[in-house]
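Novice: Residue strings, one per chain:
Number of protein chains: 2
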Amino acid sequence: MTKYEKQIYEIVNSSQSHLTAEQVFSELKKVYPAVSQATVYNNLNKLYGAGRIRRVSVEGSPDRYDRTVKHDHLVCRRCGRLTDVCLEDLTDSLKRQLGGEFFSYDLKIFYICPECREKEAQNPARQQ
Amino acid sequence: MTKYEKQIYEIVNSSQSHLTAEQVFSELKKVYPAVSQATVYNNLNKLYGAGRIRRVSVEGSPDRYDRTVKHDHLVCRRCGRLTDVCLEDLTDSLKRQLGGEFFSYDLKIFYICPECREKEAQNPARQQ
DNA sequence: AATAAATTTAGAATAATTCTAAAAAGAGAA
DNA sequence: TTCTCTTTTTAGAATTATTCTAAATTTATT
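Residue numbers (the numbering used here), protein chains in the order written: chain A, 1 to 128; chain B, 1 to 128.
Some hints here could point you the wrong way.
Each pair may be met inside one copy or between any two copies, as identical chains are not told apart.
To be verified - Computed cross-link-like contacts, BS3-like style, restricted to lysine-lysine with a CA-CA straight-line distance of at most 25 Å:
| no. | residue 1 | residue 2 |
| --- | --- | --- |
| 1 | Lys119 | Lys46 |
| 2 | Lys119 | Lys95 |
| 3 | Lys95 | Lys108 |
| 4 | Lys70 | Lys95 |
| 5 | Lys70 | Lys108 |
| 6 | Lys30 | Lys46 |
| 7 | Lys6 | Lys30 |
| 8 | Lys46 | Lys29 |
Hints are computed from structural coordinates only; laboratory data are not their basis.
All chains, please: the whole structure from these sequences, using the hints.
Specialist: Laid out in structure tokens, this is it:
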């Protein structure tokens, strides 16, 4: 583990907020101002490949990197914002249904976040 | 609904295989050879916004467009291939846990597909 | 120290998607 | 019809996210 890999792991795992590669990059620059973008991508891929961080893709926005600690995501269909939520674990149920092992699962729930719902209530015309 | 929108809807909804925008484009060109790429993106976004097709994002590969008919996805951690699978419906359970309504949910299960497992068994060195 | 292997770097390249502004197509209303 | 208005399409440029490349640097091994 290089110092960069270690630091990137720290950044992702101590953040509550599923960072984009760009955001990890700017956090890392606070510690190592000369680091390059490619190093961030290299190490995020390495950590993800090793299962030490989670990668979450959201339709229409860059991938995010997240702690591996079990949790699910609410995704706003209007603004795309991600919110953590902790729901009943599905591992056993999925194992039973699939009849075999798997790495992990990713559950996203699409909704309208309170902010966007508020906006739409004020201006119903722009509703989709 | 324009002829393009209608045709794109048909293409996505009659395919079994979560097409990329690129793939939808080449299907559409079979019917309307002069159509442009932007039309495909415009209409996919429109149909998705209206909830008439599903959009599935997979880490590290372009978004895919899919029938809205309820099903879940297995994602191979090695080759990225998507496979449809039909698991127990979570709607009621999620409503209860979240205490409210939502649009839809998306469940992806990460595993190693039979082909990649086979390859790894033959050449264990390259295992990650 | 010398050699080899892995990592980092800057910048170019690629890929997916959106944007732009003009052209074309539809859809009423006169 | 013809005029006007709105929507959609188009080609190509622009943007964004990410990967690739090849040289330089760092780390590990002999």
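Novice: Give a verdict on every hint.
Specialist: Hints, one by one, checked against the model:
no.	hint	in the structure
1	Lys119 <-> Lys46	between (41 Å within a copy, 21 Å between copies)
2	Lys119 <-> Lys95	between (41 Å within a copy, 23 Å between copies)
3	Lys95 <-> Lys108	both (19 Å within a copy, 13 Å between copies)
4	Lys70 <-> Lys95	both (16 Å within a copy, 20 Å between copies)
5	Lys70 <-> Lys108	both (13 Å within a copy, 14 Å between copies)
6	Lys30 <-> Lys46	within (21 Å within a copy, 41 Å between copies)
7	Lys6 <-> Lys30	within (15 Å within a copy, 51 Å between copies)
8	Lys46 <-> Lys29	within (19 Å within a copy, 39 Å between copies)
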